[in-house]
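Student: Using the hints, put the two standalone chains together into the complex.
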Amino acid sequence: MAVTDTGQTKVRAKRPSRLFKNMAAKIAAIPMIFTALVVFVGCTLWTIYHSFTRSRLLPAPDKWVGLDNYERLWGENRWLISIENLAIYGLCSLVLSLTIGFVLAALLDRKIRFENTIRTIILYPFALSFVVTGLAWQWILNPELGLQNTVRNIGWESFTFDPLNNADIVIYGVLIAGIWQGSGFVMVLLLAGMRGIDEDVWKASRVEGIPAWKTYIFIVIPMMRPVFVTALVIISAGIIKVYDLVVAQTSGGPGIASEVPAKYVIEKMFQAQNLGLGFAASTMMLLSVLVVLIPWAYLEFGGKKNG
Amino acid sequence: MTYSVEIKQLDLAFGAVKVLQGLDLNVSEGEFLVLLGSSGCGKSTLLNCIAGLLEITDGQIFIKGENVTWAEPSERGIGMVFQSYALYPQMTVKGNLSFGLKNAKIPKNEIEKRVARAAEILQIGPLLDRKPGALSGGQRQRVAIGRALVRDVDVFLFDEPLSNLDAKLRVDLRVELKRLHNQLQNTMIYVTHDQVEAMTLADRIAVMKGGAIMQLGSPDEIYNKPRNLYVADFIGSPSMNFIEGHLEGGRFKVDDMVMPMDGYAFAAPQTADRPATIGIRPEHVVTGELVPNAPLQFAVDVDLVEPMGSDTLVYAKLGQHPFRIRMDGQASVKVGETISIGVDPSRASLFDTATEDRL
Numbered sequence: 002m003a004v005t006d007t008g009q010t011k012v013r014a015k016r017p018s019r020l021f022k023n024m025a026a027k028i029a030a031i032p033m034i035f036t037a038l039v040v041f042v043g044c045t046l047w048t049i050y051h052s053f054t055r056s057r058l059l060p061a062p063d064k065w066v067g068l069d070n071y072e073r074l075w076g077e078n079r080w081l082i083s084i085e086n087l088a089i090y091g092l093c094s095l096v097l098s099l100t101i102g103f104v105l106a107a108l109l110d111r112k113i114r115f116e117n118t119i120r121t122i123i124l125y126p127f128a129l130s131f132v133v134t135g136l137a138w139q140w141i142l143n144p145e146l147g148l149q150n151t152v153r154n155i156g157w158e159s160f161t162f163d164p165l166n167n168a169d170i171v172i173y174g175v176l177i178a179g180i181w182q183g184s185g186f187v188m189v190l191l192l193a194g195m196r197g198i199d200e201d202v203w204k205a206s207r208v209e210g211i212p213a214w215k216t217y218i219f220i221v222i223p224m225m226r227p228v229f230v231t232a233l234v235i236i237s238a239g240i241i242k243v244y245d246l247v248v249a250q251t252s253g254g255p256g257i258a259s260e261v262p263a264k265y266v267i268e269k270m271f272q273a274q275n276l277g278l279g280f281a282a283s284t285m286m287l288l289s290v291l292v293v294l295i296p297w298a299y300l301e302f303g304g305k306k307n308g
Numbered sequence: 010m011t012y013s014v015e016i017k018q019l020d021l022a023f024g025a026v027k028v029l030q031g032l033d034l035n036v037s038e039g040e041f042l043v044l045l046g047s048s049g050c051g052k053s054t055l056l057n058c059i060a061g062l063l064e065i066t067d068g069q070i071f072i073k074g075e076n077v078t079w080a081e082p083s084e085r086g087i088g089m090v091f092q093s094y095a096l097y098p099q100m101t102v103k104g105n106l107s108f109g110l111k112n113a114k115i116p117k118n119e120i121e122k123r124v125a126r127a128a129e130i131l132q133i134g135p136l137l138d139r140k141p142g143a144l145s146g147g148q149r150q151r152v153a154i155g156r157a158l159v160r161d162v163d164v165f166l167f168d169e170p171l172s173n174l175d176a177k178l179r180v181d182l183r184v185e186l187k188r189l190h191n192q193l194q195n196t197m198i199y200v201t202h203d204q205v206e207a208m209t210l211a212d213r214i215a216v217m218k219g220g221a222i223m224q225l226g227s228p229d230e231i232y233n234k235p236r237n238l239y240v241a242d243f244i245g246s247p248s249m250n251f252i253e254g255h256l257e258g259g260r261f262k263v264d265d266m267v268m269p270m271d272g273y274a275f276a277a278p279q280t281a282d283r284p285a286t287i288g289i290r291p292e293h294v295v296t297g298e299l300v301p302n303a304p305l306q307f308a309v310d311v312d313l314v315e316p317m318g319s320d321t322l323v324y325a326k327l328g329q330h331p332f333r334i335r336m337d338g339q340a341s342v343k344v345g346e347t348i349s350i351g352v353d354p355s356r357a358s359l360f361d362t363a364t365e366d367r368l
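Heads up: the sequence lines are chains A and B, in that order. The first sequence runs 2 to 308 under our numbering. The second sequence runs 10 to 368 under our numbering.
Just chain B, same shape as in the assembly (with noise of 0.2 Å):
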């Protein structure tokens, strides 16, 4: 099978520093794939390299079968959105989508009736004759998805496209590109730093640290299966609360609580016992009625507490641990008090204290 874009031990340096090394990826037709990871993880530099903007320094990139590795941004069948929109701002709309175009010698009814077909799908149309200047960020943001929509490319790449909008607009962004890749069913390869962003719109999502995929998967595995800590703590807010302890005979002990951990996938069967670090998502722990269900039970100390309206962040003590739980916006939790909670084992995740991975 040929996919859309595939990634084969691209190395980057520039000069001594290594930003990208032997870095493999694969994406299918028609796939929504999301680089996540904090600044400086190499995410836009990844980008960059499939656009063609930075010249890689080995390996080899092919798009849609294609060896593209030496090949001009242009013609490698790519359209990018960027951060920044980088319209051109004397130009009209109308100039800024067809001038890319114009510039290919394609013909005029040709680019007419592209233009206007971008202009329905992103209903710019009545902003065609104005100025970037007088529009909105989201408006020109749209422009901008405009534009690599012109190009009838098979492969989008946008670069935190919504990074410089407000938070509102932004969401509603979000929403709207999702639908254009469910009408549009193109490849799109989107970076982002928004594990919200990431996971509402990915079919899969590489997280990225310090040059490297760390995990590579659908965002349902990287939520409930993160594969070390790294990606456990990145994803999820507030993040996930880690504890660490030993794991002996199939038993997580720490201090002088066990948990029998009766119902977690262990990814190898747990012969030797080693140092290992249980993490737990706040939203994962039950509180109230629900705790005589679950299967491990502890009593904890609350320290804080945050309303946030939808939920009631509670900042707690389990045992000298702290410990963070997300409760029901209608709880009522003093400070002070000691509340019963239950934790499931087969919601949560356990790691190699030593190696950081998921055992």
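Isolated chain A (complex conformation) (with noise of 0.2 Å):
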């Protein structure tokens, strides 16, 4: 059909490919599409390729070892004790944040005076770094200076906390700062989701005589689901990658009692200059957050279709 007077453009006789459709967000995403194939895919590729070898400075490529860096790996105390530091301080981290956000978020929703204040203070923390966290605690928990010293002045002259100083309970010290710093966050994500439950779903419950925190367990979380687990993943990537805290507030020790798998890559690709075996480190980091990630995945993504 051809164009006419009226300015009416033809009618196309073919399908327009669809290639071509919505070409301007195409164009957009070809930048991020980019970055996540080259940088994130790619150099993790690259770095489980070289966790095989006995690769010690950049640029990297050298000697096919197989799997001689996992062995060396695990046969290591560090790492051992690297790996069962990160698994206490994230299960505690993930049940005890999200406990005290929870708990938190519950007592400022039930229309409280001050609660922009309240709020503010307890989210104060999560402005600060980690190392401005980390050494604070360290002074807190410092035996000479801090909450021991402090007790023991009032006249309670056979208190003992001190955890930093002790191998066995180190890596709670360190919790202590993570939870001081991560459940004002988790607060105030979970108070987010609570603000936005209907009103009128918190009378029908009070109408029907359900106590406020049967209310809470049965009606209000599930309807927070998706609220949860946004927060269970920020905290988790938090966990996973947990190293300037540890660094400010014990430098790993006393000795390696606190060590935590992200140390130990990085003072084994940087410092000891052994790539392979920091890259064979970060490729079990990696692992262990597929193996939760997977069967996650799998019931929150591939359930839907059957459902």
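By construction, these hints were calculated from the structure, which means they are not laboratory data. Please note that the accuracy of each hint is not assured.
Unchecked claim - Simulated pairs of lysine-lysine, BS3-like, Cα-Cα distance not exceeding 25 Å:
# : chain 1 : residue 1 : chain 2 : residue 2
1 : B       : LYS140    : A       : LYS215
2 : B       : LYS17     : B       : LYS73
3 : A       : LYS204    : B       : LYS262
4 : B       : LYS117    : A       : LYS215
Tutor: Shown next as structure tokens:
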């Protein structure tokens, strides 16, 4: 059909190619696709490949040694302690920051006075960097300067609380600082989720005589599932990569009692100049994330097709 | 006689803002009472006070003769239905109906019986195993009504239950609600801003404004004998025509027109002359061959015609005063025409211009 005098454009005889549909959006997405493919996928594959070599410095290509690095890694006490610490820190920090965050959010949600002020105070630690948090808590937990000394000065002479100097419980000292910093953020996130819940639901449950705690557990928490998933992902990411907090608070000590995997990786890569071993350790970290992530993703997204 | 719901001198203030003040209201057993008003008039607030969801500042509330002023909502013997349905989204319909009962430690077979009965009355039997997300708006609201029903209570409270539904469903559910009330004979208190819902459902309507009840009466009284200008203006669509003039010796005068108010039922004998406002409903104006029989006859100039199918709305001028007339849908009126109309003073309303109260 030709263009007519009235300005009508001609009607295409063929269906336009799907490749050119939404062209602007596709062009806009190219940088991100490129980043994802090259930086994330590419570097991950590169790292995994070199974890099977005995590379020591960049540029890395060196002799293929198979699983040697992994054998060495899992034979090393420091790595095992790191993994154990991460497990303790991760589990406790996940459970505690979600619980504390939720309880704080639930308390703030009861229409109290000075809500904004309290919310700001609780959220403040989140604005600090891990280094500052680590240092502050190093002082607070220092037996000579901090909490222990203060309580002893008050009169309780035998009071002992020095987690940072005790190799058996040092990771809990780190945990306290981590939760102090993180639970405010969880609280704000969950509070936002709670505010999104229709007030009539609360009214309905009150009319039915359902106690507040039951309403939270059976009605509100199930309704807040997406917010919980978001909080969980953010907390977990923070746990896996915990590094600066430990460096600032304990430097991995006493001895190697508070080592964590991220610290191990960085030190092997940039100080011990053993790229292969560092890469093997980071591959193990990736693997541990996938072990958690894949079943969850399967449940979350795979289940929907059937249901 | 004990009332089903009795409210005495109810005050409610949020800080310095007084929302309800010295409000009295009695609802008889089995009555369908509608609280009607525009948004912000305090009707939902009043309902929440009756439900116990808001703590009142002063006054007393009795339900079935029992003082429940400080009782928890669940102890008041009420069931409530909300505008947004307020269903528990993670539970099935059955779960929604039975959750409160389970919590109240009611025996299992009793719960089964009540759920089955509610499902039968509301025709939601086939939906019992679905979740609210898989239901339409009308079905959800039916489940919400069911949740009030299984509580086996005497008083039902409805907070604008039909406002979230589309127009056609609203009419259907309105009819169902009326049928439900006929069947159950419970006391129902119903909040709405929709005057059609109020007129069709209510035994009595309480028209509210600014936290006070302007008029409490049957739909017929509210429509035909509005107690003040606000009620007269609020009820009826299109709303009443008002013309300000003077009442002199039982006759209403405006400009050079004189309307003898023969047949008008004055609330009190009128002795003094005073400024007054006459209110005439557009649908109470007669046209065509009916005009010669009307006690009062005028000629009006047609400004604008809105045909609405079932009837035709004519915007006209009576002297200088805008005047709306509702005519038959078949009526052929043209803009610019002068037509004669007839008015019956016994169907009109007269208000004192100063106090806005009915004369």
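Student: So which hints don't hold here, by number, going up?
Tutor: 3
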